[in-house]
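Chemist: Chains as they are written, first to last, in my numbering: chain V, 9 to 437; chain A, 9 to 437.
Hints are computed from structural coordinates only; laboratory data are not their basis.
DSS-like cross-link-like pairs, simulated, lysine-lysine; straight-line CA separation at most 25 Å:
| hint | chain 1 | residue 1 | chain 2 | residue 2 |
| --- | --- | --- | --- | --- |
| 1 | V | K345 | A | K39 |
| 2 | V | K248 | A | K248 |
| 3 | A | K238 | A | K405 |
| 4 | A | K10 | V | K158 |
Just a sample of chain A residues kept apart from chain V, beta carbon distances all over 10 Å, derived:
| hint | residue |
| --- | --- |
| 5 | T202 |
| 6 | D229 |
| 7 | H404 |
| 8 | I430 |
Derived list of chain V stretches under chain A, where covered just means 3 residues or more per stretch with a C-beta under 8 Å from a C-beta of chain A:
| hint | region |
| --- | --- |
| 9 | 136–148 |
| 10 | 293–301 |
| 11 | 314–320 |
Every value quoted in this text rests on a predicted model; they were computed, and no experiment measured them.
Glycine residues also receive a C-beta, built at the ideal position from the N, C-alpha and C atoms.
There are 2 protein chains.
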Amino acid sequence: MKKIKIAILGLGNVGSGVWNILHTNRNEIIKRSGYEIEIAKILVRDLNKDRGVEIPKGLLTSDIEEILNDEEIKIVVELMGGAGDPKDYMIRSMQAKKHVVTANKLVLANWGEELFSTAEREEVMFYYEASVGGGIPIIREINESLTANKIEQITGIINGTTNYILSKMTLEGMSFESALKEAQEKGYAEADPTADVEGYDVTYKLAIMSSLAFGTRVHPDSIYREGISKVTSIDIDYAKKFGYVIKLLAIGKEENNKLELRVHPSLVPATHPIANVNDAFNAIFIKGNAVGDLMLYGRGAGDLPTGSAVVGDIISILRNHENEFNFNPSNNYLGLKEIKDAGENESEFYIRLNVRDKVGVLGAIASTFGRNNVSIVSVAQDVKGEDFVSLVFITHKSFEKDIRNSIEEIKKSENLNKVESILRIENFN
Amino acid sequence: MKKIKIAILGLGNVGSGVWNILHTNRNEIIKRSGYEIEIAKILVRDLNKDRGVEIPKGLLTSDIEEILNDEEIKIVVELMGGAGDPKDYMIRSMQAKKHVVTANKLVLANWGEELFSTAEREEVMFYYEASVGGGIPIIREINESLTANKIEQITGIINGTTNYILSKMTLEGMSFESALKEAQEKGYAEADPTADVEGYDVTYKLAIMSSLAFGTRVHPDSIYREGISKVTSIDIDYAKKFGYVIKLLAIGKEENNKLELRVHPSLVPATHPIANVNDAFNAIFIKGNAVGDLMLYGRGAGDLPTGSAVVGDIISILRNHENEFNFNPSNNYLGLKEIKDAGENESEFYIRLNVRDKVGVLGAIASTFGRNNVSIVSVAQDVKGEDFVSLVFITHKSFEKDIRNSIEEIKKSENLNKVESILRIENFN
Chain V
9 MKKIKIAILG LGNVGSGVWN ILHTNRNEII KRSGYEIEIA KILVRDLNKD RGVEIPKGLL
69 TSDIEEILND EEIKIVVELM GGAGDPKDYM IRSMQAKKHV VTANKLVLAN WGEELFSTAE
129 REEVMFYYEA SVGGGIPIIR EINESLTANK IEQITGIING TTNYILSKMT LEGMSFESAL
189 KEAQEKGYAE ADPTADVEGY DVTYKLAIMS SLAFGTRVHP DSIYREGISK VTSIDIDYAK
249 KFGYVIKLLA IGKEENNKLE LRVHPSLVPA THPIANVNDA FNAIFIKGNA VGDLMLYGRG
309 AGDLPTGSAV VGDIISILRN HENEFNFNPS NNYLGLKEIK DAGENESEFY IRLNVRDKVG
369 VLGAIASTFG RNNVSIVSVA QDVKGEDFVS LVFITHKSFE KDIRNSIEEI KKSENLNKVE
429 SILRIENFN
Chain A
9 MKKIKIAILG LGNVGSGVWN ILHTNRNEII KRSGYEIEIA KILVRDLNKD RGVEIPKGLL
69 TSDIEEILND EEIKIVVELM GGAGDPKDYM IRSMQAKKHV VTANKLVLAN WGEELFSTAE
129 REEVMFYYEA SVGGGIPIIR EINESLTANK IEQITGIING TTNYILSKMT LEGMSFESAL
189 KEAQEKGYAE ADPTADVEGY DVTYKLAIMS SLAFGTRVHP DSIYREGISK VTSIDIDYAK
249 KFGYVIKLLA IGKEENNKLE LRVHPSLVPA THPIANVNDA FNAIFIKGNA VGDLMLYGRG
309 AGDLPTGSAV VGDIISILRN HENEFNFNPS NNYLGLKEIK DAGENESEFY IRLNVRDKVG
369 VLGAIASTFG RNNVSIVSVA QDVKGEDFVS LVFITHKSFE KDIRNSIEEI KKSENLNKVE
429 SILRIENFN
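Can you make the complete structure from the sequences, with help from the hints?
Modeler: See below:
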C-alpha cells in the first residue's frame with residue numbers, strides 16, 4: 009500500500025469535515041486514489057482549544073514552518089479562510105514543492121492569478137473545487153467537463169445565507185428582518201451579515217467562476233453588486249402574481265467578446281428549475297454553445313459537503329502526482345476580455361413606484377419610459393383608493409442606462425411619491 | 009503547435025455534432041487541450057450518402073482496417089451505436105494501442121467489464137461520458153468529483169423520449185397515445201418506440217451509472233423494469249391531487265452492501281426540483297454520505313449536447329496521454345455486491361382500484377392491506393354514484409412482496425372490478 013502525508017491548515021468547520029471524511033470513507037478513498045492518506049500535521053492557532061473531534065494532540069501545531077520544512081508532506085490543504093496568512097502559506101507551500109488544495113474564495117478571487125502562476129512555475133498542482141458552491145463540483149465542470157464548449161452564460165444561486173432568507177420570505181411570508189434573525193440563530197448567517205446579505209461573498213465566487221468559464225481574469229471589484237436587504241415581502245408578492253420568484257443571482261454572460269457581470273436580486277420564472285432551489289441549497293446554471301442548458305444543484309456549504317469537494321481534490325492530485333505532466337485546473341486562459349460598463353447591461357426590469365392616484369399619471373410615466381427607449385410589457389396597480397397608489401411595471405429588455413434615465417426623469421414629476429423598488433428579471437434566454 | 013490524428017466511427021447525429029464542435033470551437037479546444045485535432049478518417053457504411061455536413065470525401069472510408077492499421081491515429085471515437093461491430097472495433101482499437109471514446113450505452117452496459125479490462129491491459133484510456141445523460145457530465149461526476157463519497161443513492165430521469173411524453177400528458181392533458189405520436193413526429197421517439205417506452209434504454213444507463221456509483225458490476229437484465237405505456241391521464245390527475253408528478257425514474261440505492269435497482273414510473277413530490285424537469289431534459293439526483301443531495305440537469309440527447317460530452321472526453325485524453333500513468337475512469341471497482349430480489353424492494357405505493365360501490369368495501373380492502381403489513385397513509389374516492397367506484401390508496405413504505413400479496417388477496421374479492429394501477433412513490437429520503 010502506497011502512503012502519502014498531507015497537512016491541513018485550519019481546523020474549523022471544513023477542516024473537521026475533511027478529517028471525518030478521510031476516516032469514515034477510508035476504504036473507498038484508498039481504492040479510488042491508490043493511496044493511504046496520513047494527516048501528518050494540522051495547523052491551528054490555539055493548541056489547547058476543545059474541538060469536539062478526536063484528534064491526537066501530537067498532530068496539532070501552531071508553527072507553519074514545521075509543515076513547510078517537512079519534506080514528507082506532499083500536499084497542503086488550506087482551510088483557514090480569509091486573506092493574509094492563508095495566501096502566504098499557499099505560496100510558500102508551492103515553493104516548497106507541495107501540491108495545494110484550498111477552499112478559500114477570498115484569496116482565489118483576489119490573488120488567483122498569482123497562485124496559478126506560482127503553481128505553474130513550481131510545477132505543483134493547485135486545486136480549489138470547494139471555493140465555489142460547496143459540494144457542487146462546478147470548478148471541475150467548467151475546467152474538465154465542458155472543455156468542448158464556448159460558455160455563453162453562467163448564472164447561479166451561490167450564497168446559502170441569502171437563499172435561506174429569501175426562501176423564508178417567499179414560502180413563509182417572513183419579513184427580511186425576521187428571516188435574517190432566524191438565519192443567524194441557525195448559524196447560517198454571521199453576527200455581522202454584511203458579506204453575505206450585501207452580495208460581497210457572491211462577487212468573490214462569480215469572479216472565480218467567470219474567470220474560468222470565460223477564460224479571462226475577473227476581479228470581484230469589477231462586478232456590479234446589489235444585496236437583498238431592500239427586497240420586501242410586497243415585491244415577493246407582486247413577483248408571484250407575475251409568475252416569478254425572487255432569488256439573489258450571480259450572472260455572467262459573454263457576447264461579442266464582452267462580459268456582463270452582475271450580482272443582484274432577480275425575478276426568475278417560477279417554472280424554471282432554479283426557482284425551486286430553496287433554503288441553504290445552491291444551484292448553478294450554465295449555457296454552453298454545444299451542451300446547451302445545464303444546471304448543477306446541491307449543498308453550497310457545510311462541513312461534509314465542502315469537505316467532499318476538498319477530499320475529491322486531494323484524490324485528483326494523488327491520481328496524477330506521479331506523472332510528469334501535471335494538469336492544473338487553471339491553464340484555461342484565453343485572453344483578457346472587456347467587462348461592460350453597468351449602464352450597458354441589459355435586462356427586463358420590475359419597477360414599483362408609489363404615485364399620486366389621479367387620472368393621467370400612468371400615461372405620463374409610460375410616456376417617460378417610452379421616450380427613454382424602455383418598452384413596457386405589463387402594468388399592475390393596487391386597488392386601494394387612497395391618495396397614493398402602487399404601480400408596478402414589467403419592461404421588455406432594456407439597457408440599464410435607459411432605465412436610470414427614465415427614473416431620473418420620473419423623479420422630477422410631482423406625481424411621484426417614491427421609487428419603491430427596481431429589480432431585474434432573468435428569463436434565461 | 010502539437011497535432012494529433014483521430015478517427016470517428018459513424019457519421020450519424022452525434023458524429024456530425026462532433027465534427028461541428030471540433031470546427032466551431034477549434035480555438036478554445038486548442039487552448040484547452042494543447043493540441044490541434046485532425047479528423048483523419050471517418051468510418052461510414054455508405055460512402056455516397058448525402059450527409060448535409062461538408063466533409064471532404066477523402067476522409068470517408070468503409071473499411072475499419074484503414075483506421076486500425078494507421079499508426080498515426082491515436083484516438084478512435086466510436087459513435088455507430090448498437091451492439092456487434094462497435095464493440096469489436098473498440099476492442100481492436102485498444103489492441104492497436106489507440107485510446108477509445110464512445111457514446112455506446114448498449115455495449116457499455118453489457119460488455120463494460122471486457123472493455124475496461126482490455127483498456128487496462130493495453131494501457132490505453134477509455135472514456136464514455138456520452139453514454140449516459142447526453143451532455144450531462146454524470147460519469148465524470150461519479151468517477152472524479154464524488155470520489156470522497158460513499159454514494160448511497162442515484163436516481164434519474166435519463167430518457168428524453170418518455171419524459172417528453174409524460175410532460176405532454178402532465179402539462180397539456182394529452183393521452184399517452186397522442187403524446188407518443190407527437191414525440192414520433194418530432195423525432196424524439198423511434199417508429200418502434202419499445203426500447204424507450206418500455207424502459208430498456210433506461211436499464212442500460214442505470215446499469216452503467218450504478219456500476220460506477222456503487223463500485224460493482226451491474227448487468228441491465230438484473231434491473232427490475234416497468235415502462236410508461238400503462239400510465240394514464242387519470243393517474244396523472246390523482247397524483248397531482250396528492251401533490252405528486254409522475255416521472256419515469258431509474259433508481260439505484262445501496263444499503264448494507266445490498267443494491268436496490270429499479271426502473272419504473274414514479275410519483276415524485278411536486279416541490280422536488282426533479283418534478284420540474286420537463287420535455288426532453290434529463291436530471292440525475294445523487295445522495296453521497298459526504299456531499300449530501302446533489303442534482304445535475306441538462307439535455308440528455310441531441311447532436312451537440314452529446315457531442316459536447318464526446319469532445320470533452322477527447323480533450324481529457326489529450327491532456328493525459330503523454331503521461332506514464334493513465335487514469336482510466338473505470339478503475340473504481342470495490343467488489344461484487346448483491347442485488348436485492350424485487351420483492352425485497354421498499355417504496356411508498358400509489359394503488360388505484362375499481363371496486364363495487366357499496367358499504368364495507370373500503371374497510372375490507374384496508375384490512376387486507378393491514379394483514380399484509382401494508383399501512384395506508386391516505387385514501388381518495390371518486391364521487392360518481394355508479395355501480396363501481398375508484399379507490400386510490402397511498403401507502404407507507406412497504407415491501408413489494410407485501411403489496412403483491414395484498415393485491416393477490418384483493419383480486420379474490422367479488423367486490424373488486426379491476427386493479428387499475430400500481431405505481432411507486434419516490435420521496436428522496
